[in-house]
Amino acid sequence: MKKLLLGLTSALALSSAAMAEAPEEVTIGYLNLVNAQLVTKSLGLVQKHMPGVEINYIKVGGGGDMLRAIAADQIDFGGLGNPPTAIGVARGLPIKGTMVLNMLDYVEAMVVRTEEDIQSFADLRGKTIAAPFGSTTHYLLLQALANEGIDPASMKILDLRPNDIALAWSRGDIDAAWFWEPNLNKTVSDGGNIFMTSGIMEKRGYPTWDVGVVMNEFADKYPDYVEKFIAAECEGIEYWISNPAETAVIIAEELELSLEDATRMMRGTEMVPCEKQLTAQYMGTEAAAGGFVDTLIATSDFLVSQERLPESPSREVFEDFLVSTWLENVVAE
Amino acid sequence: MSESSSFAQHVKARFWMRSSLLSLTTVVFMFAAWEFVTATGLANKLFLPAPEAVWKAFIKAATKGYQGNTLQTHVGISLLRILAAFFAAIIVGVPLGILMGLSKDARSLLNPIIEFYRPLPPLGLYTLLVMWLGIGEESKFALLFLAGLPGIIITTTQAIWNIEPIYARAAQALGAKRWDLVRHVYLPAAGPTILAGMRLSLGFIYTVLVAAEIVAATAGIGWMIWDAAKFLLSDVVIMGLIVLGLTGVALDMAMRQIGHWLMPWEAQLRN
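Protein sequence lines, in the order shown, are assigned to chains Z and G.
For the first sequence, our numbering puts the final residue at 563, and the numbers step up evenly by one.
For the second sequence, our numbering puts the final residue at 735, and the numbers step up evenly by one.
Honestly, the hints are just simulated from the structure, not real lab data.
Heads up, the beta-carbon is just placed ideally off N, CA and C, and yes, glycines get one too.
Only pairs whose alpha carbons sit at most 30 Å apart, straight line, appear in this in silico DSSO-like list of lysine-lysine:
no.: 1; chain 1: Z; residue 1: K386; chain 2: G; residue 2: K524
no.: 2; chain 1: G; residue 1: K528; chain 2: Z; residue 2: K386
no.: 3; chain 1: G; residue 1: K509; chain 2: Z; residue 2: K451
Partial list, derived from the structure: chain G residues whose beta carbon lies under 8 Å from chain Z:
no.: 4; residue: L510
no.: 5; residue: G532
no.: 6; residue: V594
no.: 7; residue: G598
no.: 8; residue: I599
no.: 9; residue: V679
no.: 10; residue: T682
no.: 11; residue: K694
no.: 12; residue: F695
no.: 13; residue: L696
Throw the hints in and build the complete structure from the sequences for me.
Here's what the structure looks like:
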């Protein structure tokens, strides 16, 4: 019933939106990682879909910073990994999930210092490990340790941002780190090797991904512009899939990488075509919510067990958060 | 004589009562306003939780702890960092300030350094400190120390500079050596201003505490606030800020008390 009402109100909003004015400017917070948002940005696709609107891009280091930007109402569109999404939804941030930005494979991975000879999670005891707290990789690190029955207190886990991790690594201050490209590569080429990837953790039942979010206020005011945004990102994803060589050039340029590095990092990120996002594994449809809801529930339950969240929201809360209607409309067009 | 002094004491006590009452009114009013906006739903609970929620967060952190350490440990570690940096700033800053107050050449030599780094934003400076000193305690100490140092140097220099030269000349006429001058003339005369500078400098150190504990700390009240903000636990954030503020007030009061003990003449002058 609730869903139906929501659908009705958004349908009403949609019809009235045809008359609504366009926003003067749109601010997009994008995560500093390797995905098709860089293509969309570089090709000016959002601009193409929203003529006459000023588009601002803000680069955000990680999920924690993105949550702050959302709480402070500094962006209209953003992107969040599943742990920060669970945190934001549980804490009642006024956002809705719109689409899958990317599935995380080995673009996020745990690097260990080769000379330390770390072969298993147990070998991490007594070592210093860094991860950006509250992010996808911090979540996977704690999840992996919990699975192996290793007490996180037996090692020193530090909260560092990706660029600080690269810095601390080059100084020799840390022995291992679970984080993401483009900074990940700097550590691998500086005496490190990959011990675990987020893709392997996905096969073990712990998928991590980034979802596009929109501020409720913006979505209520300009629902057709949410669709325009999604259409632009879908075009970026299509471009990524059908023009890998050109995409690598764009990624290399945007992140100041060599073409070779950009190509490899691209393979570590899985882009999901927009029509596929509506299947049961991902967003699902408004009528039948997909697997992302289950991931969010599992993630928030885990965060509660880590005392990072006071309590887990109900399934309905997550179902309400993920809105497939806009994506369905875009795919239908 | 004794009558008039008891009258003065009476007036002083009345005055003290009045100022305490006024301060208390401000505190009560702020609490009432906080309670009102949260109870009536005027404030978003996510950004401003009710006083009860903050109190609960306090009890939980004090008894069960926050992420592996009790509140007491977090406060203790931060106070250790603050005081270590503060004392280092005093040990370095006061002699440098005296030197700069007495010698124009010393002032000309050192001023460029102090005047240049003093207005730099701490976070900008911190990036460099982390590169040089790593993510451990050294860079945190350096940041807090550098935040506290200029205040002490500048006020000490000013204080020495403002001393009537006649005091020094009189003491010299009575046979005082250079060290005697520092101990018996300069320090006592400049003491109250130096103490004011120290209190200012402690305030500066407090302002950069959270910044210092952002990078790779696992404990400390500033880290707790930063970490809780990442998980949008605003009750913990507000609780942490109140605790941090109270420790600051307590330290400041302690310093004023120490000032009274070391420089009793200053209090007498005001009466």
